[in-house]
Each structure stands twice: as structure tokens, then as C-alpha cells.
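Peer 1: Residue numbers (the numbering used here), protein chains in the order written: chain A, 1 to 155; chain B, 1 to 283.
Derived from the structure by calculation, the hints contain no laboratory data.
As the structure is a prediction and not an experimental result, all values here were calculated from the model.
Not one of these hints is a red herring.
Derived CB-CB ranges, DEER-like:
1) B:207 to A:32: 36 to 44 Å
2) A:35 to B:270: 43 to 51 Å
3) B:200 to A:85: 14 to 22 Å
4) B:170 to A:48: 36 to 44 Å
5) A:141 to B:207: 21 to 29 Å
6) A:34 to B:163: 29 to 37 Å
7) B:229 to A:125: 23 to 31 Å
8) B:246 to A:136: 41 to 49 Å
9) A:148 to B:141: 35 to 43 Å
10) A:148 to B:16: 33 to 41 Å
11) A:141 to B:14: 39 to 47 Å
12) A:13 to B:27: 42 to 50 Å
Think of the CB as a built atom: it goes at the ideal place given N, C-alpha and C, for glycine as much as any other residue.
Here are the chains, one letter per residue:
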Amino acid sequence: MRTVPIADLLTAHPFFGGMSTPAIQVLASCASEVEFAAGSRIFKEGDPADACFLLTAGNVALEIVVPGRGPHVVETLHSGEILGWSWLFPPYRWTFDAQALTATSAIRFDAEALRAAKAADKELGYELMTRFAQVLVDRLQATRLQLLDIYGTAR
Amino acid sequence: MALLAEPRTALLDPMEPVPFRVRGIRDELEDTFTLELEPPNGRFEFAPGQYTMLYSFGIGEVPISVSGDASRPSRLVQTIRGVGAVTRALRNVRPGDVVGVRGPFGTPWPVDGATGRDIVFVAGGIGLAPLRPAIYRVLERRDHYGQVVVLYGARSPRELLFAEELQDWGGRFDVTVLVTVDNADRAWYGSVGVVTKLVPRAPYEPQNASAFVCGPEIMMRFAGQELESRGVAPEQIFVSMERNMKCGVGFCGHCQFATKLVCRDGPVFPFSEVARLLTVREV
Chain A
1 MRTVPIADLL
11 TAHPFFGGMS
21 TPAIQVLASC
31 ASEVEFAAGS
41 RIFKEGDPAD
51 ACFLLTAGNV
61 ALEIVVPGRG
71 PHVVETLHSG
81 EILGWSWLFP
91 PYRWTFDAQA
101 LTATSAIRFD
111 AEALRAAKAA
121 DKELGYELMT
131 RFAQVLVDRL
141 QATRLQLLDI
151 YGTAR
Chain B
1 MALLAEPRTA
11 LLDPMEPVPF
21 RVRGIRDELE
31 DTFTLELEPP
41 NGRFEFAPGQ
51 YTMLYSFGIG
61 EVPISVSGDA
71 SRPSRLVQTI
81 RGVGAVTRAL
91 RNVRPGDVVG
101 VRGPFGTPWP
111 VDGATGRDIV
121 FVAGGIGLAP
131 LRPAIYRVLE
141 RRDHYGQVVV
151 LYGARSPREL
161 LFAEELQDWG
171 GRFDVTVLVT
181 VDNADRAWYG
191 SVGVVTKLVP
201 RAPYEPQNAS
211 AFVCGPEIMM
221 RFAGQELESR
231 GVAPEQIFVS
241 MERNMKCGVG
251 FCGHCQFATK
261 LVCRDGPVFP
271 FSEVARLLTV
281 REV
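Chain A on its own, in the form it takes in the complex (with noise of 0.2 Å):
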């Protein structure tokens, strides 16, 4: 079992850093420690997005469905990685299936938590949209690259 507690993970994490101590221990207040095993379902699409995840160790797929075809790999994501953003906008529906492709830990937030916490607090607010917006751009452009499909041209 870890023994450093999590607002030290999360203050030694690079997509937290530059937090204050105060917001580190309010984060730190709405999270836990979570393990999926191998091939079990983190979470299912349509499926209210009650959380989010830092990654800790493990790969985690990113599925949708596709009628006929079953269910498509969009992405992976690995250690020291964030899983889910769904928590942050209305309806709060996870918009993918999130599987463990091997033994998966993580650190879960409590996405109804840090909902009220970013409400109460404007400033802890700004500092998590300014970096889970990084991830959605990272995201958006690694999206945009796969769409290109880069490798199917001659070279």
C-alpha cells in the first residue's frame, strides 16, 4: 500500500504544478486511491462522469463502440497521464468507454467535489481549467494528426 499521501503525489505532479499548498489540500480532500484490474471497465460512456483520474501506473484505452465494427481504440493513456474531463462541462456524461489494458492505479476525484470546490473557490477554479484545457488541446491536436492519417501517404 502507497504510504506518501496524496497532496505530496499531487504537489510533486507536473500537471499540478504551481498550485498553492491551500488548493493541494482541497484537491488533495476530494481524492482517493482507486486500482482496476486488467480488462475491467473504468467507465462506460452515457454514464454520468462522477470523477476524474490521475494515472499512476497502467494503460487505460479510450473506446467507442462502432455499430458493426464493436468497440474502436480512439486513444491510450499511461502513467502520470489525466483520465476524463467529461466532469467539467454539462450534461457530465462520459463521452467514451474507458477500459484497463493492464493493472491500472490511479488517484480518483470526486467530480461532484471538485465541482463545488472550484465553485466556492474562483482562483483554484481558473487554475483547473487552465490545465485541463492544456490536456484538451494536447488531445485536440494529437486528434487532428490521426485524422490526417499521416502514414498513408507515399514517402
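Take the given structure of chain A and dock chain B to it, following the hints.
Peer 2: Just chain B now, with coordinates in the frame of chain A:
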């Protein structure tokens, strides 16, 4: 065949194709294959990163990077994607047939100059083929380098080039291999996403790393930017450019890339020299 009776050195006249005998053909992917060619004088010496002009007699010539091992000069190995008249004609050759070869031409991957540094190879699609000789070279002199990392991206799991070798390299204790694909179903347990996403995951010290990048131009642009953002010096990032190379020796100008001729000044360039040009639409 009369031509084969007089073995020549490839560099005697750079414009004259030298006949090489086809000794092997290996299908790599649905549209990609590798030719193993026998030099007429028994040796073909090249530096990793160089290319040849490969001639299908009566059809035409194409520039193809050497994909084989420079320490085994008895065979010229070239991996080709069949996308046009010449490359499709080359796919139809049989063992014993003869093709023309000019070269080798161009600048090499400067792996020998990166001694003592961490080495990061970033390849996309068939871009792994021009990098393979450099990977062989580094692995041959493994104790001359720090961390060695191979990052590879392909369209889908069934389009992974040199999959067996990737597995072999990944099975070594002294090499890190990370592979990702753009599209996959559940049968694939590896990474899905663009190859640039592997750059932050790889174990290397950016300030002491040299990176060698080959793939579609847009992939090289974003991979170079990602490496730079991680702290790799732009003059320590090298990319292999491709343009419409025709003569191979800087005469014709078909491969002009701003002030450079890719056939002669490249194909391998420091990213610091070409990064800005990669964003210019007209170049």
C-alpha cells in the same frame, strides 16, 4: 549478361546505373517490400541515412533509402513502398533479375558523432526503413551511448514495419522500444495515438540526447517540436527530408528545398536548419 562481366565501382560515374542482381524479395506489408541486391563487385559501402537511385530498366528511376546493415556490405538492402510505376515495377522483379543502382548519395545520420549521448530514434510509417541502418550502427556500438530509445508510430497494428525486429530490440535490456498506432481494435494491447505522444514517455535525458527523426514531413515537424519542448537542442535533432530527387548529385535542381538541394545537401538535416522551412507552404 554482358553488363555484369565488368564489375564497376558505384561512384565511378554517379550518373551511370550499375547493374545489381536481385537476390531476395521480402514482402513487409501489403504495399511494402524489401529487395536484397548483390553488388557486381561484391561490396556496397554506404553510411546509414544515405540513399540510392534505383532504376527499373525501361521504366525509370526512384530515390530509395538504404534499409540494410552497413556492416554487411555484401548485400544492398532497400525497402520500398509500391506507389508509382517504378516502385510497382520493382515489386515485380524476381530473384536473378537485374536492376540499376546509382549511389550511395546524400548525408548520413550523424550517429557516430553522438557518442556518449542518449539516442532517440523517432520513426513514422515507412520512415523506419531509412532509420534502420542507424539503429543497427548504434546497437553494434551499444556501449558508446547512453540510453537508446526507439519510438515508432504506424497507421494500424498490421502496418507495423519490421515488427519482428521491433520485438527483438524491445526484448533487449539496453534498448527501450515504444510503439503506437493511429487506429486499433481490442485485439491490440499496445498504445493508440500519434507518435509524438511517445516522446515524453521515453526514458532519456533531453539535455544530453541526440534525436533522429524520419517519417512523413508533418510528423517530423511535430516530433521535432515535441523533442525541442522537452529540452532536446534543435541542432541535436536530425530529420531526413524527401523531395523529388532525380540526379542525386545536385545538377538538376528537382529537389530544391529553399536554398538547399536535398539530394546533395541532405537528405539528413539538423532540425535547426529546416524547422522554419517545414512550416512554409510554398517550399
